[in-house]
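Given the sequences, and given the hints that come with them, work out the whole structure.
The listed protein sequences derive, respectively, from chains A and B.
By this note's numbering, the letter at position 282 of the first sequence is numbered 282, and the numbering carries on one by one without gaps.
By this note's numbering, the letter at position 328 of the second sequence is numbered 328, and the numbering carries on one by one without gaps.
No lab work stands behind these hints, which were simulated from the structure alone.
Incorrect hints may appear among the rest.
Chain copies aren't distinguished; within one or between two, either way the pair holds.
What the hints assert, rightly or not - With a Cα cut of at most 30 Å, we get these calculated DSSO-like pairs of lysine-lysine:
#, residue 1, residue 2
1, K229, K212
2, K154, K28
3, K48, K34
4, K5, K46
5, K123, K312
6, K71, K312
7, K34, K229
8, K312, K6
9, K28, K249
Since we're looking at a predicted model, the values are computed, not measured.
2 protein chains.
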Amino acid sequence: MTKKKKTEIAELGEFGLIDHLTNSIKIKNKSTLKGVGDDSAVLEYKNKQIVISTDLLLEGIHFDLTYTPLKHLGYKAIAVNLSDIYAMNAHPKQITVSIGLSSKMSLEALDEFYSGIYLACDKYDIDLIGGDTSSSLTGFTISITAIGEGEKDKITYRSGAGVNDIICTSGDFGAAYMGLQLLEREKKVFEGNSQVQPDLASHDYLLEKILKPEPRRDVIELLKEIDVKPTSMIDVSDGISSEVLHICKQSGVGCRLFEDKIPIDATTSMLAEEMGINPMVAALNGGEDYEMLFTIAQSDYDKFIKANSPVKIYAIGHITEKSKGSYLITNAGQEVKLSAQGWKHE
Amino acid sequence: MTKKKKTEIAELGEFGLIDHLTNSIKIKNKSTLKGVGDDSAVLEYKNKQIVISTDLLLEGIHFDLTYTPLKHLGYKAIAVNLSDIYAMNAHPKQITVSIGLSSKMSLEALDEFYSGIYLACDKYDIDLIGGDTSSSLTGFTISITAIGEGEKDKITYRSGAGVNDIICTSGDFGAAYMGLQLLEREKKVFEGNSQVQPDLASHDYLLEKILKPEPRRDVIELLKEIDVKPTSMIDVSDGISSEVLHICKQSGVGCRLFEDKIPIDATTSMLAEEMGINPMVAALNGGEDYEMLFTIAQSDYDKFIKANSPVKIYAIGHITEKSKGSYLITNAGQEVKLSAQGWKHE
Chain A
1 MTKKKKTEIA ELGEFGLIDH LTNSIKIKNK STLKGVGDDS AVLEYKNKQI VISTDLLLEG
61 IHFDLTYTPL KHLGYKAIAV NLSDIYAMNA HPKQITVSIG LSSKMSLEAL DEFYSGIYLA
121 CDKYDIDLIG GDTSSSLTGF TISITAIGEG EKDKITYRSG AGVNDIICTS GDFGAAYMGL
181 QLLEREKKVF EGNSQVQPDL ASHDYLLEKI LKPEPRRDVI ELLKEIDVKP TSMIDVSDGI
241 SSEVLHICKQ SGVGCRLFED KIPIDATTSM LAEEMGINPM VAALNGGEDY EMLFTIAQSD
301 YDKFIKANSP VKIYAIGHIT EKSKGSYLIT NAGQEVKLSA QGWKHE
Chain B
1 MTKKKKTEIA ELGEFGLIDH LTNSIKIKNK STLKGVGDDS AVLEYKNKQI VISTDLLLEG
61 IHFDLTYTPL KHLGYKAIAV NLSDIYAMNA HPKQITVSIG LSSKMSLEAL DEFYSGIYLA
121 CDKYDIDLIG GDTSSSLTGF TISITAIGEG EKDKITYRSG AGVNDIICTS GDFGAAYMGL
181 QLLEREKKVF EGNSQVQPDL ASHDYLLEKI LKPEPRRDVI ELLKEIDVKP TSMIDVSDGI
241 SSEVLHICKQ SGVGCRLFED KIPIDATTSM LAEEMGINPM VAALNGGEDY EMLFTIAQSD
301 YDKFIKANSP VKIYAIGHIT EKSKGSYLIT NAGQEVKLSA QGWKHE
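What follows is the structure in structure tokens.
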């Protein structure tokens, strides 16, 4: 085996590094007038509203480089910001990427990270328009801002859910949480005995959900296709429970979710049981699934059925008067009060 | 003396902390449709172009909490981003603020930091519209994105400087750099003997330039008032030398700066000489002055004279053909080649 080349980033200097990382950029969106290379980027949106979202990712808090491939990290850093824009029923168009580089990071490692960023940008037609590059005394630091556009009358807030609206989601839950548990378990085994290879076989789906989530552009496209504007929408980064409570609080309503309606993948359930974790707890309070959670008027429900789209939408409950509170109805018919408990150190 | 109250941030939890930091926000700009509290902020600009700038500030690299008051740090974090927007001949309207909090930071300390942020927002009519709040395993981390608007035909890039244009600046140089040298010197004295009080007297101007710089909105307002659009513009964060070379590179031109025209404050020169630093080197290669550096057509120069504005503008040189290179003409008549040497670890 040949040893991989390692180039010290300091060799390039700041301006050389920025050139190296950005010289292959080709502008994709009409709204991007000027990207990287001036004091600010310049954008122009005609008759659209602009949506902005931002995320800060810190080594040791949001990611662990011992089991996160850098390319996946770059991809995911973009994906989670795009997810916030889609959750407004809008389309992301531009991003800025700022990074603080620890001294142990080589140019080749940084290129891996950026290859993930550019892969996500290509797949979702995003222009990288700016950022900031700095050294960091400690861990790898990533700050992403995403900018998007939406039709004035289509932008969807968290605050519009009405009584009797149906609560819908775009996928299954708890998979990313169980993927993380798996990585943490194998890391501990590896630390105990570095000769042991991690046992990740047959868990591809869970690992993909935690390491390389896809933002749900397809859901936003489906909504347009069938001409449905949700009454409220949010993306699921902290678990269904926390997110549905955000919608209830901001809409001034309550809700009922039904345990038997909440989709959980078979591999999620199996691993959860193997590790002594209740799969429903993983689904409700786990995080990072990045599915869409939205409410629709009952009259719009048929449109989803008729669409016969490959994009699956699950009805998992309904909105109630505020006074009725927010509860999960279990398979045994019990009412369990929903509570927000994000699992991330945030 | 009563001991100041210290509240652990963990007591509030993430959502409590966000509420605490943002509940006093009042929206100031028509273009801000929705600020903090959804997946994204929503903005609307009618017939304007939008400019975006972003900065990442890391403890130990960009600031030293041993001599930087947190309120000043918050103010400066905003100021430097606004400066980038003004440097486009545009007006900042919104910011996002993301922070990674080290465990040693109390709620009262964070409030100090935010009081500086809100002070800058009030002074410059900025809406805080979003961000991200996280814990940090290491130092205090700050990421700011500023969003602004400009008239389509007024936005000024770095790339428009033409031969014979006059190179102008809005203030003196080297003061922030000498302010930093002073703080570093007194920190060393203090570390050697904590009974000694720092000797900062009579250096108010230098300290203000490094700790609490003001972005030059007044320069942008003057340009509008006298109806001058610079042919190129940049803000001076890395020293005149580096910035004028950015303009020359992007405009495909050369330049001549004149040593006797470059404004240096008397207190800058005095401290520089006391510390054995060449004041002109501090002015050319020091950083963080956040003055505007711009080029104008010769025919526009009279307008500045006639304006008789309290905003002083200094002509420090002129643009040449690219083939003539970029040089400083010293008082002795020598030509010294300009080189970019940012003093920051960036």
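Each hint tested on the structure:
With identical chains, the CA atoms of K229 and K212 are at most 30 Å apart within one copy only, with a shortest distance of 28 Å there and 47 Å across copies. Both within a single protomer and between protomers do K154 and K28 lie at most 30 Å apart by alpha-carbon distance, with minima of 23 Å and 24 Å respectively. When the C-alpha separation of K48 and K34 is checked against a cutoff of 30 Å, the pair qualifies both within a copy, at 18 Å, and between copies, at 14 Å. When the C-alpha separation of K5 and K46 is checked against a cutoff of 30 Å, the pair qualifies neither within a copy, at 47 Å, nor between copies, at 50 Å.
Only within a single protomer do K123 and K312 lie at most 30 Å apart by alpha-carbon distance; the minimum there is 21 Å, versus 50 Å between protomers. In the homo-oligomer, the alpha carbons of K71 and K312 lie at most 30 Å apart inside one protomer (28 Å), although the nearest pairing across protomers, at 50 Å, exceeds that limit. Only between protomers do K34 and K229 lie at most 30 Å apart by alpha-carbon distance; the minimum there is 18 Å, versus 32 Å within a single protomer. For the homomeric pair K312 and K6, neither the shortest alpha-carbon distance inside one copy (45 Å) nor that between copies (50 Å) is at most 30 Å.
With identical chains, the CA atoms of K28 and K249 are at most 30 Å apart between copies only, with a shortest distance of 25 Å across copies and 38 Å within one.
Checked against the numbered hints given earlier, this structure breaks hints 4 and 8; the rest are met.
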